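If you read the protein sequences in the order shown, they are chains Z and A. With our numbering, letter number 346 in the first sequence gets 346, and the count goes up by one each step, no holes. With our numbering, letter number 403 in the second sequence gets 403, and the count goes up by one each step, no holes.
Hints are not guaranteed to be accurate.
[As the list claims (entries may be wrong)] Chain Z side only, calculated, beta carbon under 7 Å to chain A, not exhaustive: (1) PHE99; (2) TYR152; (3) GLY187; (4) PRO337; (5) ASN338; (6) GLN350; (7) MET351; (8) GLU460.
[Stated by the list, open to error] Subject to a maximum C-alpha distance of 25 Å in a straight line, what follows is the list of computed BS3-like cross-link-like pairs (lysine-lysine): (9) LYS3(Z) to LYS368(A); (10) LYS91(Z) to LYS3(A); (11) LYS247(Z) to LYS85(A); (12) LYS3(A) to LYS171(Z); (13) LYS3(A) to LYS40(A); (14) LYS3(A) to LYS368(Z); (15) LYS85(Z) to LYS275(A).
Please keep in mind that the hints were generated in silico from the structure rather than gathered at the bench. Everything numeric in this text was worked out from a predicted model, so none of it was measured. Every residue, glycine too, gets a C-beta built ideally from N, C-alpha and C.
2 protein chains.
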Amino acid sequence: MWKPDRQSKKPLYEQIADHLEQRISYGEFPPGSLLPSERKLAEQLGVNRSTVILAFAELRSLGIIESRSGSGTRVSQYKWGATPKHTPNWKRYAEGGSFLPNVPFLRRIREALNQNPTLVDFASGELSADLAPMDEIASLMRGHHYTSYLGYDNPQGYTPLRQALEKYLVKYRDIQTTESSILITSGSQQSLFLITQCLLSPGDAVAIEDPSYCYSLPMFQSAGLRLFRLPVDRDGVQPEEIRNLYKKHRIKMIFTNPNFQNPTGTVLNDERRNKLLEIAAELGLPIVEDDPYSLTDYAGVPRPPLKSMDTTGSIIYIGSFSKIAASGLRIGWMVAPNSIVERLADARQQMDFGLSVIPQQVAGQFLKSEHFEPHLDRLRMQLLYKRDLLIEALQKELPDLIQFNIPQGGHHLWCKLVPAVNDAKLLEESIKNGVVFVPGSVYGSDSGFVRFTFARAKAEDIGPGIAGFAKALRELIH
Amino acid sequence: MWKPDRQSKKPLYEQIADHLEQRISYGEFPPGSLLPSERKLAEQLGVNRSTVILAFAELRSLGIIESRSGSGTRVSQYKWGATPKHTPNWKRYAEGGSFLPNVPFLRRIREALNQNPTLVDFASGELSADLAPMDEIASLMRGHHYTSYLGYDNPQGYTPLRQALEKYLVKYRDIQTTESSILITSGSQQSLFLITQCLLSPGDAVAIEDPSYCYSLPMFQSAGLRLFRLPVDRDGVQPEEIRNLYKKHRIKMIFTNPNFQNPTGTVLNDERRNKLLEIAAELGLPIVEDDPYSLTDYAGVPRPPLKSMDTTGSIIYIGSFSKIAASGLRIGWMVAPNSIVERLADARQQMDFGLSVIPQQVAGQFLKSEHFEPHLDRLRMQLLYKRDLLIEALQKELPDLIQFNIPQGGHHLWCKLVPAVNDAKLLEESIKNGVVFVPGSVYGSDSGFVRFTFARAKAEDIGPGIAGFAKALRELIH
Ligand SMILES: Cc1ncc(COP(=O)(O)O)c(C=O)c1O
Ligand SMILES: Cc1ncc(COP(=O)(O)O)c(C=O)c1O
Numbered sequence: 001m002w003k004p005d006r007q008s009k010k011p012l013y014e015q016i017a018d019h020l021e022q023r024i025s026y027g028e029f030p031p032g033s034l035l036p037s038e039r040k041l042a043e044q045l046g047v048n049r050s051t052v053i054l055a056f057a058e059l060r061s062l063g064i065i066e067s068r069s070g071s072g073t074r075v076s077q078y079k080w081g082a083t084p085k086h087t088p089n090w091k092r093y094a095e096g097g098s099f100l101p102n103v104p105f106l107r108r109i110r111e112a113l114n115q116n117p118t119l120v121d122f123a124s125g126e127l128s129a130d131l132a133p134m135d136e137i138a139s140l141m142r143g144h145h146y147t148s149y150l151g152y153d154n155p156q157g158y159t160p161l162r163q164a165l166e167k168y169l170v171k172y173r174d175i176q177t178t179e180s181s182i183l184i185t186s187g188s189q190q191s192l193f194l195i196t197q198c199l200l201s202p203g204d205a206v207a208i209e210d211p212s213y214c215y216s217l218p219m220f221q222s223a224g225l226r227l228f229r230l231p232v233d234r235d236g237v238q239p240e241e242i243r244n245l246y247k248k249h250r251i252k253m254i255f256t257n258p259n260f261q262n263p264t265g266t267v268l269n270d271e272r273r274n275k276l277l278e279i280a281a282e283l284g285l286p287i288v289e290d291d292p293y294s295l296t297d298y299a300g301v302p303r304p305p306l307k308s309m310d311t312t313g314s315i316i317y318i319g320s321f322s323k324i325a326a327s328g329l330r331i332g333w334m335v336a337p338n339s340i341v342e343r344l345a346d347a348r349q350q351m352d353f354g355l356s357v358i359p360q361q362v363a364g365q366f367l368k369s370e371h372f373e374p375h376l377d378r379l380r381m382q383l384l385y386k387r388d389l390l391i392e393a394l395q396k397e398l399p400d401l402i403q404f405n406i407p408q409g410g411h412h413l414w415c416k417l418v419p420a421v422n423d424a425k426l427l428e429e430s431i432k433n434g435v436v437f438v439p440g441s442v443y444g445s446d447s448g449f450v451r452f453t454f455a456r457a458k459a460e461d462i463g464p465g466i467a468g469f470a471k472a473l474r475e476l477i478h
Numbered sequence: 001m002w003k004p005d006r007q008s009k010k011p012l013y014e015q016i017a018d019h020l021e022q023r024i025s026y027g028e029f030p031p032g033s034l035l036p037s038e039r040k041l042a043e044q045l046g047v048n049r050s051t052v053i054l055a056f057a058e059l060r061s062l063g064i065i066e067s068r069s070g071s072g073t074r075v076s077q078y079k080w081g082a083t084p085k086h087t088p089n090w091k092r093y094a095e096g097g098s099f100l101p102n103v104p105f106l107r108r109i110r111e112a113l114n115q116n117p118t119l120v121d122f123a124s125g126e127l128s129a130d131l132a133p134m135d136e137i138a139s140l141m142r143g144h145h146y147t148s149y150l151g152y153d154n155p156q157g158y159t160p161l162r163q164a165l166e167k168y169l170v171k172y173r174d175i176q177t178t179e180s181s182i183l184i185t186s187g188s189q190q191s192l193f194l195i196t197q198c199l200l201s202p203g204d205a206v207a208i209e210d211p212s213y214c215y216s217l218p219m220f221q222s223a224g225l226r227l228f229r230l231p232v233d234r235d236g237v238q239p240e241e242i243r244n245l246y247k248k249h250r251i252k253m254i255f256t257n258p259n260f261q262n263p264t265g266t267v268l269n270d271e272r273r274n275k276l277l278e279i280a281a282e283l284g285l286p287i288v289e290d291d292p293y294s295l296t297d298y299a300g301v302p303r304p305p306l307k308s309m310d311t312t313g314s315i316i317y318i319g320s321f322s323k324i325a326a327s328g329l330r331i332g333w334m335v336a337p338n339s340i341v342e343r344l345a346d347a348r349q350q351m352d353f354g355l356s357v358i359p360q361q362v363a364g365q366f367l368k369s370e371h372f373e374p375h376l377d378r379l380r381m382q383l384l385y386k387r388d389l390l391i392e393a394l395q396k397e398l399p400d401l402i403q404f405n406i407p408q409g410g411h412h413l414w415c416k417l418v419p420a421v422n423d424a425k426l427l428e429e430s431i432k433n434g435v436v437f438v439p440g441s442v443y444g445s446d447s448g449f450v451r452f453t454f455a456r457a458k459a460e461d462i463g464p465g466i467a468g469f470a471k472a473l474r475e476l477i478h
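So here's chain Z without its partners, still in its complex pose (with noise of 0.2 Å):
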């Protein structure tokens, strides 16, 4: 992002106005569109307000931008010559479609976390940069010749990732499938978006948990489906409730994220395990099994997938690297009965032809190779430590206003707050207090929650990152 250059002799103002006007030439405000305001563009420039009014005044004077009270400052129509040329409605168009912008508090926290990259952040959910293993894939890449030929993948994914996985998927997830069955994607995201836009029909009914990681998505409204609740309690969900909502809605699919659940932490119990099994079968019900999280169950045992119990073939199951190596490799599978493999594989050419090649490569080299184990282990080890540190901080600094069950695995942590407060006032206050969290309204229909994802911070920020948690809460209280 352009700076102003604070050595340079012509004052900020002018710098920023021939900036300005440099990018409206270039067309990325084009005529009539809206310019950020003033208060924002200082904070993203790093200036007072005043030297963007200053330069905004420049911009007025030369007839470049009009001002209106109220409606802001937009780019002059009229500069643009006398003939009647008209820009395109671009506001119009951005607000077209029928995909749904993402969540405000995830927008939110995402400017936040741009503005200020020195913010805790304990909203992001994935692993912290020490926690992947950039050092493993680096040396996997320098010592690898990549003399593969780069076209167009095979639509399902690269095929000796397939083969590893196979192999993975026996070892680690109790699953026995083939190279055909397995559909390579764009990480569990992209899993879950091929399932709802393209095996579901709009109007179609699902079952999700409340809370769950699903209901932050508006992908599953975006795909015109209407959502039933499985309530989630210690022990995952309430299978029998599944029967409920077959009977007065028809629902089409199950979402459930059993093992280490997002954002609970809980995992599915035995008893429940096998009743959600039989009532999908009896009701003839898909389930689509999000299980990014299995690997770093602390103990090191984890727990098997509802899929390898799966003697009905009712289970879609869906695994990614994000949480376990990194998020930024952009991998994750499916194993799906051949149809749907080959359905899914054919809309996803599609959307954006296959994934790159390489990162398929990276990922599978990994998966073979002897630094996997060892990764595990470190990871599981420091997850631990990191969990222990952000309870011990809340602990300390709110003993008595937060509630939580502790969790055996994963990279989150769901806080009830005992003292009602507003989210969206917590969170700017946080946010002014240096931490960023993602209030629990996000994943679900109770109020008075809160996520932190200890996986992505520092473990020497975790402290000071709740100590100004519990700054703006108490705050907030008085």
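Since the structure of chain Z is already known, use the hints to place chain A with the ligands on it.
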């Protein structure tokens, strides 16, 4: 793909039966699902059909599969216990969703290439391995220390790549922009997907060229768009048509590929460029300019894009590495007004959480490296050489039966067949003769055309490939 072991003592049919039983028990073919036909399986496994018939008989005797005449062979239901358990009706799910399958001809071509990789490939619109900068990329990867953080990427794409593209766009495409107006995508394909899904609404009318690449994409129909055609002649589209389409159908967007158009190879002439921009500005209509081929200009003086003349900010510009470097990188870009870039970046987060950082790093480095220019020079020469080989072969084999204009850039030759032949029959006959191409009806409404891609085949295969095609064509017209 598994193949029976001809060295083994176990008879082939038993090996096949065991293999199928295993795959069925993995849930790959759930109870009730259809197995591949005997003929197809025999082809896939490289055995006689009678061997597969024996294997099926074996499985039938075990009660694992059932064959009913006319409806193929299915996995038995009853084997899975006497309780009333149902596998989901996966077939119905596979037919769900609003996302249309790929064009049957394209699926057929992919299948033929999978089954027989020795076919001469005049169908895949991409570079052959020897034209892609494989060595350059391999050496960049070996030399580089990938220490940067592998977390979820910036929603607009990896910042250093956007910065490299900013420079590239000025230098090679005469486009002034800033990194904040650039969105990195998984190739032009994803750019088109994002635009059709997120900026347009079902029922909207749009104009596409006829013939054109877009015509081959069910993506437009999947988004519920109404397509209206702008006929392409030797000099590109006739812009005046747009006014009519606007009056009659209120078209909302124009899609064009003005330089070395796929499939015709035409270049939009100067007069029409000016007219097109004038009309778009008059009507306030956005243009999507798809520009993957310009840098292949055999003379080495690529024509600037429409975007470089765009004073009203009417154009969304789309570029890609697929046609000038390697399609397996899956790196494309879009230059658009800020509001559009932000909207599409946000939507893309929902679909796949962005691209892998690794190929973005590689692409950015390649762009900035000293390898880039020499690669382009070599690419142009080689494409010209292959174009000439193709033309020579056609003139030798089919002097009287085929007509074409000679393209000055790009990967494709668009040919009119003088005799009337059935597209499907010609394709099947060609496959038998060891060659694939794309029937013209995939790209346009006029019949009797064929698209030959000369970039993908090896130089030494072009002559024999055309001989095979000529044999197929002559077969059909006699
Ligand atoms: C349960 C669950 N599913 C899916 C995802 C998406 O992850 P990715 O697409 O990076 O694999 C996440 C990420 O937070 C998750 O927690
Ligand atoms: C005109 C045009 N646009 C877009 C594409 C898609 O290419 P990619 O997604 O690989 O950039 C192609 C590929 O054939 C094309 O010819």
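Taking the hints in turn, this is what the structure says about them:
The closest approach between the C-beta of PHE99(Z) and any C-beta of chain A is roughly 5 Å, which is under the 7 Å cut-off, so the hint is satisfied. About 5 Å separates the beta-carbon of TYR152(Z) from the nearest beta-carbon of chain A, less than 7 Å, and the hint is met. At its closest, the beta carbon of GLY187(Z) sits 5 Å from a beta carbon of chain A; the interface hint therefore holds under the 7 Å criterion. With its C-beta approaching chain A no nearer than about 5 Å, PRO337(Z) sits inside the 7 Å limit, and its interface hint holds.
With a least beta-carbon distance of about 6 Å to chain A, the hint placing ASN338(Z) at the interface is held under the 7 Å criterion. Restraint check, GLN350(Z) versus chain A: the minimum CB separation of about 5 Å is within 7 Å; hint holds. A cut of 7 Å between beta carbons decides the hint on MET351(Z): the least distance to chain A is about 5 Å, and the hint holds. Restraint check, GLU460(Z) versus chain A: the minimum CB separation of about 17 Å is more than 7 Å; hint violated.
The straight-line distance between the Cα atoms of LYS3(Z) and LYS368(A) is roughly 23 Å, inside the 25 Å bound, and the hint therefore holds. Taking the CA atoms of LYS91(Z) and LYS3(A), the gap is about 56 Å. The hint is violated against a cut of 25 Å. For the given pair, LYS247(Z) sits about 17 Å from LYS85(A) by alpha-carbon distance, which is consistent with the 25 Å threshold. For the suggested pair LYS3(A) and LYS171(Z), the alpha carbons sit about 23 Å apart, so the restraint of at most 25 Å is met.
The hinted pair formed by LYS3(A) and LYS40(A) meets the criterion: a straight-line CA distance of about 14 Å does not exceed 25 Å. For a cut-off of 25 Å, the pair hint linking LYS3(A) to LYS368(Z) stands: about 23 Å separates their Cα positions. Distance check on the hinted pair: LYS85(Z) and LYS275(A) sit about 13 Å apart at the alpha-carbon level, within 25 Å; holds.
In summary, the numbered hints that this structure violates are 8 and 10.
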